[in-house]
Amino acid sequence: SAVISQKPSRDICQRGTSLTIQCQVDSQVTMMFWYRQQPGQSLTLIATANQGSEATYESGFVIDKFPISRPNLTFSTLTVSNMSPEDSSIYLCSVAVSGLEQYFGPGTRLTVT
Amino acid sequence: GENVEQHPSTLSVQEGDSAVIKCTYSDSASNYFPWYKQELGKRPQLIIDIRSNVGEKKDQRIAVTLNKTAKHFSLHITETQPEDSAVYFCAAKSGDDKIIFGKGTRLHILP
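As they're listed, the protein sequences go chains A and B. Here the first sequence is numbered in the numbering used here, starting from 1 and rising by one per residue. Here the second sequence is numbered in the numbering used here, starting from 114 and rising by one per residue.
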């Protein structure tokens, strides 16, 4: 498996502002992903963070709203831009180990007021 | 793209009895099927997985079965215990390496 950390663990933000979430892994991984989990719901894939190139976004998610960086094989950031209350959710990064098994970070609980 | 359906959404079983959660997937190219357990306020944890070239896999009280022809896979928990209470998610890894999740099953173990 992999040890995954996220910062911040939680935040309360005003609408219209942006928050950048960091994900750090203790070993180099090929694939990193960002998910959103709204209260009581399942996990929805936002995008695949590609090292050295633009992220690949899922339907319904766009780069202007959720810009992602992946400067190396152990680190990625997700920014939630121009936030509204609908963006209140838990954001989780995930990494693929050995190509198949996927593990999750502890999540960032975001509340937008 | 891949679509994963999961049933039931809620399941209550008596402690000591068995629990079964069923999922179907749509993409015949999917080749990896993990199951995650998520306790309240915690991250999803990978508890067992199965690859498309295997029909069944067991790990102590947990087993998974896969029927590729029918595109069904199931999680079986035997001799359930209070600590098994959680939300369980099935998932499928499609040909483009993305893991798509079912909607989850909230499992209650009754004393």
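Certain hints may be false.
[As the list claims (entries may be wrong)] FRET-style restraints, in silico, Cβ to Cβ:
1) 191(B) / 81(A): 44 to 52 Å
2) 192(B) / 22(A): 19 to 27 Å
3) 123(B) / 73(A): 37 to 45 Å
4) 50(A) / 223(B): 44 to 52 Å
5) 180(B) / 17(A): 21 to 29 Å
6) 40(A) / 174(B): 41 to 49 Å
7) 168(B) / 11(A): 28 to 36 Å
I should point out that these hints are in silico values taken from the structure, not numbers from a laboratory. Glycine is no exception: its CB is placed at the ideal position from the N, C-alpha and C atoms.
**Prompt:** Looking back at the hints listed earlier, which ones does the structure fail to meet?
**Reply:** Hints 2, 5, 6, 7 are the ones this structure does not satisfy, whereas the remaining hints hold.
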